[in-house]
Amino acid sequence: MDSPNPRYTLADIADRFGLELRGDETHLVGGVATLADAGPDDISFLANTAYLPKLADSRAGVVIIAAKHADSCPGNALVSDNPYAAYAKVATLFDHRPRNAPGVHDTAVIGSDVSIGEAVHVGAGAVIGDGCVIGDGCDIGPNCVLAPGVILGAGSRLVANVTLCDDVRLGQRVMVHPGAVIGADGFGIARDTKGWIKVPQLGGVRLGDDCEIGANACIDRGAIGHTVLEEDVRIDNLVQVGHNCHIGAHSALAAFAGLSGSTRVGRNVLFGGRSGTTGHLEIADGVTVTGMTMISKSITEPGSTWAGGIPGRPIREWQRALGRLFRLDKTIERLQGRDNNTEK
Amino acid sequence: MDSPNPRYTLADIADRFGLELRGDETHLVGGVATLADAGPDDISFLANTAYLPKLADSRAGVVIIAAKHADSCPGNALVSDNPYAAYAKVATLFDHRPRNAPGVHDTAVIGSDVSIGEAVHVGAGAVIGDGCVIGDGCDIGPNCVLAPGVILGAGSRLVANVTLCDDVRLGQRVMVHPGAVIGADGFGIARDTKGWIKVPQLGGVRLGDDCEIGANACIDRGAIGHTVLEEDVRIDNLVQVGHNCHIGAHSALAAFAGLSGSTRVGRNVLFGGRSGTTGHLEIADGVTVTGMTMISKSITEPGSTWAGGIPGRPIREWQRALGRLFRLDKTIERLQGRDNNTEK
Amino acid sequence: MDSPNPRYTLADIADRFGLELRGDETHLVGGVATLADAGPDDISFLANTAYLPKLADSRAGVVIIAAKHADSCPGNALVSDNPYAAYAKVATLFDHRPRNAPGVHDTAVIGSDVSIGEAVHVGAGAVIGDGCVIGDGCDIGPNCVLAPGVILGAGSRLVANVTLCDDVRLGQRVMVHPGAVIGADGFGIARDTKGWIKVPQLGGVRLGDDCEIGANACIDRGAIGHTVLEEDVRIDNLVQVGHNCHIGAHSALAAFAGLSGSTRVGRNVLFGGRSGTTGHLEIADGVTVTGMTMISKSITEPGSTWAGGIPGRPIREWQRALGRLFRLDKTIERLQGRDNNTEK
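Protein chains in written order, with numbering that gives the first Met the number 0: chain L, 0 to 343; chain D, 0 to 343; chain R, 0 to 343.
Some hints could be false.
Identical copies carry no separate label here, and so any pair may be met within one copy or between two of them.
Listed below are the simulated SDA-like cross-link pairs for lysine to any residue, each with C-alpha atoms no more than 25 Å apart in a straight line [claimed, not checked]:
#: 1; residue 1: 296; residue 2: 269
#: 2; residue 1: 53; residue 2: 67
#: 3; residue 1: 329; residue 2: 316
#: 4; residue 1: 197; residue 2: 5
#: 5; residue 1: 329; residue 2: 318
#: 6; residue 1: 67; residue 2: 36
#: 7; residue 1: 329; residue 2: 319
#: 8; residue 1: 53; residue 2: 190
#: 9; residue 1: 197; residue 2: 10
#: 10; residue 1: 53; residue 2: 300
#: 11; residue 1: 67; residue 2: 33
#: 12; residue 1: 197; residue 2: 287
Hints listed in this document are in silico derivations from the structure and should not be mistaken for laboratory results.
Can you make the complete structure from the sequences, with help from the hints?
This is the structure in structure tokens:
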């Protein structure tokens, strides 16, 4: 019963996406694959030059590629200034993953005074609290929980098992992957004589349009005022954004990145995997923080790149370096002592 | 229909919380805000001296502040030895977040022989296994799962999508944020000739009164005997506590902190973000482990502070330092060689 | 009404598991405990020599132990070449944790064209999408979500609140702990002139037999082609496996480990806690990456051990070492200058 997936001529693809075709206009492709795995029916791409050695032997029906590498392409080429972005667009033609049809599942629980837009899907076991507002075309997957008063902009999608706490508002076309938690209390505790006192977390969360939040990521609510992600912020899995952070548009945080409370991140900032900040810092626009780097003071220079991660070494080499580091004071004293001796 | 939120005179607040008021007793406040954002209707506070420059221009109706800074306060001041703890208490007056009314939702699934106390809320889709005991005033949010036999002390709250596995017992007033998992199997695997053998994880988890567990945090069950958190332990989001750890009262672990199995942590210990231990260690009372620090041997000195994290630098500066470190052996040899030459 | 747990003679245990008994064949044991906590009714074991000092005073009914330490055992001994693996097997006798009986709970939601094998348990609130195939003896816990088309091999178990996205296939006897997410989109984003473009994530996930996935861990789907874990791969809590990774059989990743996209890991590889890779690397068979180590280039030597983590130190000692490192260029210049002076 399945109809076969559609196929496209290279001329059609070049035309749809404004790419320059070098090769056979009538050649048909019906899927995507890596350079190594692609056959004549597949589109592939070259975006990372580490894969350039795979190009010569690739059997791909066509390769999306930069002009400077197009001559090395053994077959058809679709030339682009930005092959990865071009691939991202072209690949949508071949995205046949199932879509949820509009409708509210019988087992979903919808509170009172909930506003649900046109063409919304609400999956089995989803719980939508009183007063929520669900924009047109939203897709709320199975067993998601929306606390009372949550607002979802049109076209947003919560894949499954997502939790949105109260006073959380998402813009349009926001995608939230399974297990993500938006709006949990921030880690606000004050030492008193007898132990900890919880600091009430009274703010909410505001996510701009086109944000994406990875699986099991956490975006805490504000303690006072809101935690804010401007539009098009991309958050990978298992990322932590502390209370009252503000992240500028088009910034991206890779897996395990973490921002301590009240960090103010500019636009177009990149945080590599497992990088992060201590609290109350400002990070200028366009900064890159490389993987495993802890930022402990504000970064004022836009576009600068910061690092502190140690590339692993064979263990004996690393232990020797570390031992040398911790003995350095004594080593220098000894060397100075010799100097002193020779100076006498 | 909403009644406006209540407002309080400064005299009233000073009286309720035992603070010294310097200023207008009749001034009314109705909310909280940061020094920068506050207006005359708001309470603010100064706990972190990094924000002292914001004080002079603050329009706050009153600032909770230490005596030594009170003279710098442009308006009314509520003086406290511990402004952050005082703020935490005062802010509860302005916590108008929705509370769940007692009652068990129709779609909740309650097993056999479950004991449910007075004034308990069980949300939609929550699943409570056979033989669970739910204390008075507990609030179990939507889609939480309690395995058979779980015990919840009075006043505990599971926000939503929380999982408590079998043989998990929580004290009173424990708060667990969404996505947290308490009592999953520890990572016990033994190498055999053919591969891994799973080591049965036969213990449970015991949480003392007033503990708080962050979103998507994991507290593993014991392999033999229990994993134990004493009272008032505060666990941030995405923290991992391995099997058979024991954490003393009033300790706190920030986001991404991780304790390997059988770590024994004293009372009043602080683990900064992304810090952790290798397994089978003991950490003395009152120790502070700063962010991104890996502790690999026991710490016996109470109250000591430990570090190993590297504050990020501009990337070229960091690469130069790292290169220097790995060339250090040769550099020292060379310097010694010159010394030797000069000594001849 | 509970029948007491069964007890076994040491002769019986030695016989069942092929161990050499040194001691009283008729002695009965009924449980497991640590060396410190065990009484005469308990089995204990010695696998980590750090616990050797606890052996002399142990009151355990029998200790599973290596031959070289057996003489130090104060009572009965069960001698094994591999005491930890032997303990893992013996302890299964004492695993009395509740098992779920076969049957589909009334509140579970089963899609169309789902194939469910013999003796399958489906818990309350679980959602199984259209066309899923559930093998014999599977146990799908409460509030798990299986997207359409998921395939579960016989004997697999999803504990609770697990999410399996579309195009995810698990082998036999795979165990997935609560909150784990398998098959979420990888972090594929391409920079365009206006911001990010999402790269469609068109592959799936394939897990081999006997894999185990920890609580709140994330295994992303492939971008092109699948993310693959071969058989008997063991993944701890809060681990991140990026899109298109391939992990060889019998490898293990401890908590917070993270593999960036397209990492190809060999067989029998160990990643310690909080270790990881940057993307597009190959890691040879049998490699060990110690805790907190970032691998940034491929490792070609099988069986090698890599490190980059810094054992924490008292904070002043660490700050001094770090300061020394960043002043090293100047220090060396100074030392060279003195040399130069003395050479004149």
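Each hint, compared with the structure:
| no. | hint | in the structure |
| --- | --- | --- |
| 1 | 296 - 269 | both (16 Å within a copy, 21 Å between copies) |
| 2 | 53 - 67 | within (16 Å within a copy, 53 Å between copies) |
| 3 | 329 - 316 | both (20 Å within a copy, 13 Å between copies) |
| 4 | 197 - 5 | between (57 Å within a copy, 22 Å between copies) |
| 5 | 329 - 318 | both (17 Å within a copy, 16 Å between copies) |
| 6 | 67 - 36 | within (23 Å within a copy, 53 Å between copies) |
| 7 | 329 - 319 | both (15 Å within a copy, 12 Å between copies) |
| 8 | 53 - 190 | between (59 Å within a copy, 24 Å between copies) |
| 9 | 197 - 10 | between (63 Å within a copy, 24 Å between copies) |
| 10 | 53 - 300 | between (39 Å within a copy, 23 Å between copies) |
| 11 | 67 - 33 | within (20 Å within a copy, 53 Å between copies) |
| 12 | 197 - 287 | between (34 Å within a copy, 20 Å between copies) |
Of the hints listed earlier, there is not a single one the structure fails to meet.
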